[in-house]
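Peer 1: Here is what each chain is made of, one letter per residue.
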Amino acid sequence: MMQPKEPPIRVLVAKPGLDGHDRGAKVIARALRDAGMEVIYTGLRQTPEMIVNASIQEDVQCIGLSILSGAHNAIVPRLMALLKERGAEDILVVLGGTIPEQDIAFLKEQGVAAIFGPGTPLETTVEFIQANVKPRGIAA
Amino acid sequence: MSRNAAENVPEAVKPGDDSARHPSAAEQRWVDKTLAPALAKAPERPIGANTGTNRNPDGTARFTTISGVPVERLYTPADLPADWQENLDRYVGQPGQPPYTRGIHATGYRGKLWTMRQFSGFATPEETNQRYKYLLENGGSGLSVAFDLPTLMGYDSDHANSEGEVGKCGVAIDSLEDMEILFSGIDLEKTTVSMTINSPASVLWAMYLVVAEQQGADWKKISGTLQNDILKEYIAQKEYIYPPAQSMRLVIDTFEFGALFTPRFNPISISGYHIREAGSTALQELAFTIYDGVEYVEWALRRGLDIDDFAPRLSFFFNSHNDFFEEIAKFRASRKIWYRLMTERFHAKQQRSQLMRFHTQTAGVSLTAQQPRNNIARVAIQALAAVLGGTQSLHTDSYDEALALPTEEAARIALRTQQILAYESGVAQTVDPLGGSYFVENLTLKMEQGAFDYFEKLDAMGGMVRAIEQGFPQKELAESSYQYQRAVEAKEKIIVGVNDFAVEETSPQILYIGESVRESQTAKLQRLRERRSNENVARCLSALRHAAAQEPQATPGKISGANTMPYILDCVRAYATVGEICEALRDVYGTYEESSWT
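Quick mapping for you: the protein sequence lines, in order, are chains A and B.
Residues 474 to 613 in our numbering are what the first sequence spells out, letter by letter.
Residues 132 to 729 in our numbering are what the second sequence spells out, letter by letter.
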């Protein structure tokens with residue numbers, strides 16, 4: 474019997490802050506795409522406002538942030554507050570990069586669903602997103 | 132490309148087409164009598180998973196470098212060109228002689244060891260100044276400044292875009308005042324200083340020159356290196372402000388200024404390091420970097436500068452990654468390639484113009500956050516490759532750098548690693564010890580050939596700026612880094628402690644930088660803006676805008692009227708900030724945004 478095909482998961486991969494090291498963001502974007510997701514890559518130096526706007530416009534279910542510069546404690550709370558303000562806190566937010574252990578609890582409290590440090594297999598990230606995005610059409 | 136070599140310059144022999152091997156009778160006997168039975172008894176097994184890149188179509192094991200280049204079982208004279216022996220002098224030469232494959236100094240490291248130059252900078256200028264003194268007291272022989280992201284992007288610490296970034300990835304420098312603090316108690320006439328700054332390079336360099344002047348140092352005597360390599364920013368690291376052509380103009384302004392006023396300072400360090408960190412192969416790093424060098428030369432010649440006035444001060448910067456022999460081959464090939472370009476393409480006459488001098492840093496991208504002390508071994512192997520490749524100076528990474536900026540202890544171990552190589556291992560005692568190795572010479576020739584193949588493509592695109600605008604190098608890097616990541620995911624390439632030999636562990640102590648740096652820098656800026664003559668600052672910035680808008684014309688022996696350096700020096704002396712000076716140039720040049728290639 475034919476199963477109705479599920480629409481692909483839509484993900485926004487974003488690189489906030491001043492840092493330009495985008496190897497990780499690009500590799501992740503491509504891995505998610507290879508896993509069947511629809512990926513929008515924002516390019517560099519996106520403010521939280523730009524990221525939230527793009528996420529809502531593009532109707533994504535997940536935002537993947539790449540931050541290597543140490544600016545996460547300034548960027549993440551602003552981004553989460555904006556999502557809440559716009560009623561978009563159902564969007565799954567995951568974070569990749571170099572995040573000191575002592576900041577992890579704070580970031581999770583802010584609503585980041587998962588933090589992927591250096592050396593995380595691509596598969597781990599893919600599976601986490603697949604398992605945790607809010608399916609469409611289901612009440613929050 | 133012109134085939135005419137400059138006068139009195141021996142023409143380097145180019146590697147020929149990859150012709151079939153002609154093994155000797157002895158080698159053939161070994162294949163039949165010794166190798167075949169050995170393989171029959173115990174077939175070779177790939178290092179890593181027996182899939183994908185590790186398998187030949189016939190199912191036998193395949194071996195490749197970290198860049199994916201096949202590595203054969205054994206290298207013999209049959210892997211070198213047929214005329215190798217008779218043309219040895221032109222293929223590799225002698226140390227200190229063209230084509231410099233074996234090094235630029237006749238005595239290698241026997242006369243002078245490489246400079247142990249540790250890249251460092253974090254938080255406030257005050258804190259970084261303390262770290263510099265610590266490094267110098269511990270036997271470091273030069274300094275290398277890491278700036279924070281707001282400085283790299285031309286923003287002051289109090290700018291909205293700087294929030295969360297001040298002092299995190301390097302030291303925060305806002306004005307001449309910060310530069311004075313950074314080098315307080317450090318004699319700039321005696322210490323060579325390298326500065327990793329690109330888009331705002333001329334601004335930070337001007338600050339450095341003014342601090343040197345305040346100390347009473349002679350500009351003609353100070354030596355050091357400005358990174359100032361904007362092309363690799365568009366290709367890899369992406370810390371650019373202005374569009375390519377305007378950025379190139381600023382770079383050529385520094386070449387012209389340096390040739391006249393700071394003859395011992397390298398105004399540029401043409402960098403492959405970041406290209407490699409962004410995921411390129413060893414060959415791509417080599418080819419794109421050296422071709423960036425070609426592009427700078429072309430632009431300087433178009434300005435009207437004489438090749439032998441600025442080429443002696445062009446310096447390079449490479450990455451030293453995990454694959455030991457491939458790296459050594461890359462370093463050896465780089466010297467010959469540059470020699471060939473400078474003689475065959477640019478007809479440089481002075482010997483110094485023809486020499487490839489380079490700094491090396493071990494590969495930050497190879498460091499693992501897992502079992503971080505394993506990185507000490509990785510760094511040692513990479514540093515050894517750099518030394519065997521004949522580097523002029525070396526930075527060894529600290530083992531904790533996949534986690535954070537290094538702690539003092541980690542920074543000391545990194546420096547000690549170099550000292551162990553220099554003073555204990557014996558590798559510095561003979562020149563180019565791997566010269567003549569069938570394997571290394573074969574790899575070196577392949578690197579040279581591969582680089583010239585890339586040059587042909589890039590020439591056809593109309594040069595590097597054009598290639599960047601078309602996204603060519605960016606796409607090449609994205610593809611290579613993805614292929615490598617795939618091989619790691621499939622365990623075809625093993626990373627010890629990450630995709631094999633992993634353990635449960637707790638994180639080590641790291642250097643943590645909070646938000647207080649932004650507060651203290653902001654307070655300092657406020658005091659500065661109250662104290663200085665803001666009218667004078669505005670006047671200097673306006674003069675700079677005016678010069679920046681004009682096309683500079685070279686006049687022999689004199690600086691172009693519109694060269695931006697003298698104007699930037701005036702701004703700096705008036706205590707204009709990095710952000711204000713860069714903003715003045717943004718007014719004139721606009722900013723650049725790349726199309727996203729994923």
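Fair warning: there could be bad hints in the mix.
Unchecked claim - Derived lysine to aspartate or glutamate pairs resembling DMTMM-like cross-links, with alpha carbons at most 20 angstroms apart:
#1 B:Lys622 / A:Glu600
#2 B:Lys243 / B:Glu475
#3 B:Lys352 / B:Glu320
#4 B:Lys577 / B:Glu258
#5 A:Lys478 / A:Glu558
#6 B:Lys622 / A:Asp507
#7 B:Lys172 / B:Asp189
#8 B:Lys588 / B:Asp439
#9 A:Lys557 / A:Glu596
#10 B:Lys606 / A:Asp507
#11 A:Lys478 / A:Glu582
#12 B:Lys622 / A:Glu596
No lab work stands behind these hints: they were computed from the structure.
Peer 1: A separate judgement is required for each hint: does it hold in the structure or not?
Peer 2: Do the hints match the structure? See the list:
no., hint, result
1, B:Lys622 / A:Glu600, "holds (18 angstroms)"
2, B:Lys243 / B:Glu475, "violated (30 angstroms)"
3, B:Lys352 / B:Glu320, "holds (6 angstroms)"
4, B:Lys577 / B:Glu258, "violated (46 angstroms)"
5, A:Lys478 / A:Glu558, "violated (33 angstroms)"
6, B:Lys622 / A:Asp507, "holds (18 angstroms)"
7, B:Lys172 / B:Asp189, "holds (18 angstroms)"
8, B:Lys588 / B:Asp439, "violated (27 angstroms)"
9, A:Lys557 / A:Glu596, "violated (29 angstroms)"
10, B:Lys606 / A:Asp507, "holds (17 angstroms)"
11, A:Lys478 / A:Glu582, "violated (35 angstroms)"
12, B:Lys622 / A:Glu596, "holds (13 angstroms)"
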